[in-house]
Every structure is written in structure tokens, then in C-alpha cells.
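**Q** Listed below are the residues making up each chain.
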Amino acid sequence: TNRMSSQEIQKCDAFLQRFKGLLFQEPINIDECAQAFADLQIGMTEFQTIPPSLQPPNIKEFIIKREALEHAALFAINKQSIAEFEKYMTQLKQFYSECEAIKQLLPPSQKKNALTGLYLLYLIYQNKTAEYHTELEQLSMEEQRDLYISVPLAIEQSLLDGQYNKVLNTNLNVPMKEYSFFTSRLLETIRHEAARCAEKAYASLELKEAIELFMLKDRDELMKFMEIDHKNAQENNMVWMLHNDKLHFQTTGQEKLSIPAYKMIDRSLEYALELEKIVQQKSKGR
Amino acid sequence: PPPGASRPSPLTPRLSLLLPSVMAQPPEGIDVDMKDKEKHEQENQADTVEEGDTAKKDAPKTPSELALLLLADVRSSLLLLEKGVLAKEQRLISRAVRYMNGIRRRMSIPVMRRTVEQHFPAHSTEGAHLLSVIPVEEGTMDTSTSGIPTSSPVQLPEMENSPQSDPIPEVEIYISILVLMHLTDLKRKNEAAALAKLVVQRVMSMNRRTLDTLAAKVFYFYSLCLERIGKLALIRGELLSAHRTACLRHDDVGQATLLNLLLRNYIEYNLYDQADKLVSKTTFPQRATNNQTARYLYYLGRIRSVQLDYTEAYNCLMQAIRKAPQHSASGFKQAVNKLAVIVQLLMGEIPERTLFVQPELRGALRPYLKLTQAVRVGDLVAFRAVTEEYAGAFRRDRTHTLIVRLRFNVIKTGLRKINVSYSRISLQDIAAKLHLDSTDDAAGIVAKAIRDGVIDATIVHDGGFVQSKETIDIYSTEEPQHALHKRITFCLDVHNEAVKAMRFPPDAHKKELGGVTTHRKQEEVAQDLLEEEEEEDFQGPG
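The listed protein sequences derive, respectively, from chains R and E. Read in order, the letters of the first sequence correspond to residues 1 to 286 in our numbering. Read in order, the letters of the second sequence correspond to residues 1 to 542 in our numbering.
You may find that some hints are simply not true.
[Stated by the list, open to error] Pair ranges (Cβ atoms, derived):
1. E:Asp456 to R:Gln281: 30 to 36 Å
2. E:Asp437 to R:Gln144: 20 to 26 Å
3. R:Glu276 to E:Arg362: 18 to 24 Å
4. R:Gln35 to E:Asp437: 47 to 53 Å
Derived by calculation from the structure, the hints in this document are not laboratory data. Remember, it's a predicted structure, so these values are computed and weren't measured experimentally. C-beta atoms are modelled at their ideal positions from N, C-alpha and C, and glycine is treated no differently.
Bound conformation, chain R alone (with noise of 0.2 Å):
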């Protein structure tokens, strides 16, 4: 157990540092930066104390590795690879939580909140609501009124509420460019949610609804939205016809009604086990 020297950590450092300014060069040089992370991660290797390591944590090194992950997850978004981005933040998520022993000698994190509200934004962009949920549990209040932490709340919240127009407002301002990254696609993702529940609750809408309700721009854009979400709408038996200025949707055939046969004979078998079981015991005479 050779702990590294703190030349060897001064080196790791300016590795660091060089990473951090590559990164924040507008417009960012992908392949640059990645050598520059690939120098860096070749260098974290020889720390000895960050986790799982079980050895008296040296401060410096777990301040790098803090930093190299947050930067590497920030960087992953700029290089748009979600995998990446999911990879740096369980890792990062080590760092953020419990080990009440290190806590007290590390200095909270800058970035922290603006790392964990991108988390909860992806989360609530992959739809893992079990997993929003607990992240949540683990925020005081405070830090839920933060800038950054407060932005994914509130699409949560929009979302649950079906008002999707608002979420069209947060996409324009973001606190970090980094968040656009996933509102954008939300934003996809929630005008199908919302084409599914225009289709159901209107029987047929007005031109100018339709396109603020889609939170698009003109009726050329509303045809290709038709288009793209053709498929969809014939999942559900619906069909949208656009007649007059006005967007009609109707229902194509009857959903078939049928008896869930399977379900039924499943049921009736258990129950015929169970009763049978009962009247064994019955009749040993217990």
C-alpha cells in the first residue's frame, strides 16, 4: 500500500485542470477533451484511498476523483452519449451520499446540485419514476428550492398535471446548457403524451388549439407531427382527420371485447387447489 505522492497528485490535479479548461472552451473540441480525460483517468488509477478502498481517505485524492466525475458526466452530455452520462453518475452518487466519516472532511461539492438535478431530469426523461422517487427522498428542503433542482421538479410536477405547455417554458430557459440536452428530448416525448390525451378527451379541436396544445409552430408542422405519430394514434384505434381548419379524431372499429379466458381458468384452478388443501386438512382431523 504505497500511498501516492503528492507530486504524483499535483500531477493528477493539472490534469484536471487541463480537462476543465478544454471543456468549458466554447466551441468544444470533442477529441481534445477526451484525450485529455483519458490522461486523467490513467492517472486516478493509482489512488489508493477513494472507495471501495477501506484505508484512511486522503482528502486530495477524493477531491480529484469528485471533480473528474462531475466534469467526465458533464462531458458526456456535451458528447451526447447517455450511457456515458448514467456510468459517471452512479459513480458520482458514491461521493454525494452517506460515508458520514468522510463528509465531515470534505467541502461540499459546487457543482452538486447542478449535477443532481440533470440526474433527476434524466430520470424523469427515461421515465424511471421509481427511481425519481427515492433520488427525491434523499433531498432536504432546501436543496429542493435550489435553481438547478427546482427545474426538473416543476416538469415533474407539469407532467403529472397534463399541462405540458409549461414544460414548453422551462425548455427556453435552462439554468445550464447541459439540461437542454434532455428537455429538448423530452420535449418530444411529452407531445406524444399529449396527442394521446387530446385524442381521448376531444372530439375534435379547432386548428389554432391543436398547434398551441402541440406546442408547435404552424399547420405544416402539425401535418408532420400527424405523420410521425401515425402509428401511435392507430395503436389506440384513433385516426385524425384534419377538415376545414379543424382536427378531428375518431375512433376506427370496435375494441374487441373478449373474454379473458386464460385469466378466468387460472383462477378457478387455484381456488379449486386451495379449497381442496382445506378440506385434506378437514378431514385429518386437526
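Model the placement of chain E on the given structure of chain R, informed by the hints.
**A** Showing chain E alone in chain R's frame:
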């Protein structure tokens, strides 16, 4: 202990083994029925250690006499423990452990000190350490081997010579636990935590099956003490490795207790995903006591409720309530019921009013009653008012995050009520009734509700109103079958659990142990099975 004089003339000992309850009462049936009267009668002839010694309550006792009685009780339970260890009779050990609760309630410092002196030889390190940890009572001299404090009200007679040899490990741990219990009761948190740590180390160094129940209790107090001083996170690693060891040794009691302690640990710090992983990777031992199972089910219910799996959470919580002891553990039942109310509301059902009126739950559940009323009516304003008014209480109960999720339920209920009462209603009116901000908001919410199947209606946007669809005949859908199936599975579950829980006294023909009469032993065996649930101490969460 003298045999009961009031009994009818005894049959031969052999017969008395077979018909215990017939001996206790005129022949009314052989079932092991635990009516209070029977219990009362048995207790009058029972060991002095048993709870509720009504005979003794007649004359008021001086503190010294009480102390002497307690000393005698402690001594007899330790003797019982030793017998159990020698004969490897788990039942006796469990009984001795159960007596701890009764002793705990009557414990005092002089008795504590004398117990340690009586059972540890003068040269023992453990004994000396325990003595040093016991706090000095006000107004007495420092610890002296004569053990007669001068100005305390309790006068204990001179002690005989201290024992020559070290006590068996079980006795040592037993006494340590008693000291630990007393320190916790005296609210001396730091000393208790320090002592707990030492006892845990001692326990971990030994590998005796007879020590399992005691070891579980030690861990329980260790966790409790550290929780009281707020350092719970530090012992997570220890608990995990102890759990591993318990699994390897097939130590059911230890496994169950440690698993519950770990879950409590994670939930205390809101680490629900870690708790979930733990649950998925471990199995809770089948043969654990009802109390431990009840705790486990409660923690499981909490995890599931956070993960939005409300039906599963509700089942767990209902089972936890059923497994909890009948007459004690009100703190636990309050906590479980609070959570159950919220989960029920989140599922869209309204809890029964009778739940809130039960005497032991009434005070604790009052904020939840108000909450239920607001949700039932669908009144968003009232809901907001209640959440603000009782915010502190909800936060203490750790239900406030779940309650935030209730907001949508309030709106849903409100919408449903409106839909049922009106065949046609304007969006503006809906916005007014639900206290929403604008008609567009209302349109959005109604659209989503229709999509989710909450209400059955269409929105006519031009007219700006909502038109309900015709109600369909419920009986032609699957609803009745679904409801029936739920009830059938519930009844079958209860039946199967009852069958599994039927147990029979082990080895009714085992040879007698010295000092215990035969028919008493039979009653005791039967009573064991009942008391085991009733007497174990229950701590509510938080």
C-alpha cells in the same frame, strides 16, 4: 415454589402431563385458551419472576424490600439461564431473556451493582468494568466491596463471598445487557454506547449457539444507543458482517434482528435504493418471531411506498399490523397505521373512519384524519392548509414526501366527484371548484385524467365544457370478479398463515428438570408460546 394449594386433588403425574388445562380449571375443554382469568390464576402459583404479581401488590413495600425482591428475581432468572444452557434447552433461555423486560422496569442502581458483585469474581476484568460503568447514585459513597451505601434509601444486607470462578458467557452477557438497558433508561447515551460497543466485541469473539438470542439483543441495543447519539451510519459495516456471520451459522434470531437493524439504518438516512438492494439480495428467515417479522414487513412497506408500488406496500403494512402484538407496542402500531393511511390515500381509496377512532391511535392519527377528509372531498385548499399546519408532525413521521404526492390524488378525487354529479359542466366552473389557476390548466388536467381513465368524459373545446359519457353497467365488466378475487386471496392468505402458525409444545414427555413441577411445566410451555409475543419490548421507529 410451592405447588398450588387450591388445585383439585392431583391425578397421577403421568396423566397430569397430558391434561394441563384440565388441572387448572374444571373440565371445560382442552384447548390452550388464554383467557385473562386463567392467566391470572396461573400467575399466582407461578415463579415470582412473572409479571403482574398481584399477590405481592397488596402491601406497600419499602425500597429495600423491593430491591431484595428484584435481586432474587434476577438471581432466579440467571439460574434458569444456566439450566437452559446446560440442558441446551432453548425454551428456558428464551424465557430467561423475556424476564429481562420485567426486570428492566424495576431495575435500580444498587441492585445493579449488587448483581454484578454477586456473579462476577472479584478479580474478573469484565466485572470490574461493568462496575465502573454503573453510575454512582447521588448521596452514596463510592463503590466499596461491602456494598452498603449509607444514605440511600435502599439498604442491602451484607453480601456473601463473591463467586470463585468466572460466570458462563451467557450469564456475563445477560448481566451486561441488563446494565446496558439500565443505562439507556437513565438516558446516559454516551456511556451506553461505549458499553454496547464493548459487549458487541465480546459477543462477536464467541461462537456459541446458546448465545444467539442474547447476541441479537446486544446488537439491538448497540444499534439503539448509536441511533440515540446520532452515529448510526458508522456501524453499518459491522452490522453487515455480523449478518453474514449469522447467516453462515444458521442463526435465525440473529439474522432476523440484524436484517431489521440494517434496514432501519438505511431508512434512517433515506437510502432507500440501498435498502431495496439489501432486501432483494437477502431472505428473511421464515422461523423468526412475529415481532421481528412485523418490523421487517413495516420496513419493506416503507421501501415499496417510496418506489410507488402502493399495492405491495399496503399488503406489507397490513400484515405488519396483524403480526404486531395485541396489547402492547402501540408506538409501532401508530407508525404503521400512519404510513398505511397515506398509502391507502395514494392508492385512491379512503381509509375507514373506524380506524381513526380507536383509542390508542386517536391522538397520533389526528393530522392524518384531517388529511383524509381533505382528500375525500377533493378540496385542494383544505389540503394545502392541512399540510402546512401539520408540516412538523409529517416531517417527524417521515411521510411528508409521500403527502406531496397526494396533491394529484386530491385533484383526481375532486374531478371524479364533479364528473359523477354533472353530466355537463363548463371548464371555468371546474377551475373554480378545484381552485385551479386558469381554464387552460383545467383543460390540461381534465385531459390527462381522461387519458388515465380517472373519469369518462369528453371535452368540447369550442363550447368550453366537459361532457360526461354514459355510465356503463358495472356488472358487465371485470370489476366484480376483480374485487371478489382480492377478497378470496385475502381470506386464503389468513387461513394459510394461521395453519402455519399453529405450533405444538415441543416434546411434551421430556424428563423433568429440577425444581419445576410437571403440570406447571405444561402450562408454562403453552404460555410461552403466547407470552413470547406479548412480552418482547417494542420500540417505535424514530
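**Q** Please go over all the hints and tell whether each is borne out by the structure.
**A** Results for each hint:
Here the CB-CB span from E:Asp456 to R:Gln281 is close to 46 Å, at odds with the stated 30 to 36 Å. At about 21 Å, the beta-carbon gap between E:Asp437 and R:Gln144 stays in the expected band of 20 to 26 Å. Hint check: R:Glu276 to E:Arg362, Cβ distance near 44 Å, so the stated range 18 to 24 Å is violated. The hinted range of 47 to 53 Å is satisfied by R:Gln35 and E:Asp437, whose Cβ atoms lie roughly 51 Å apart.
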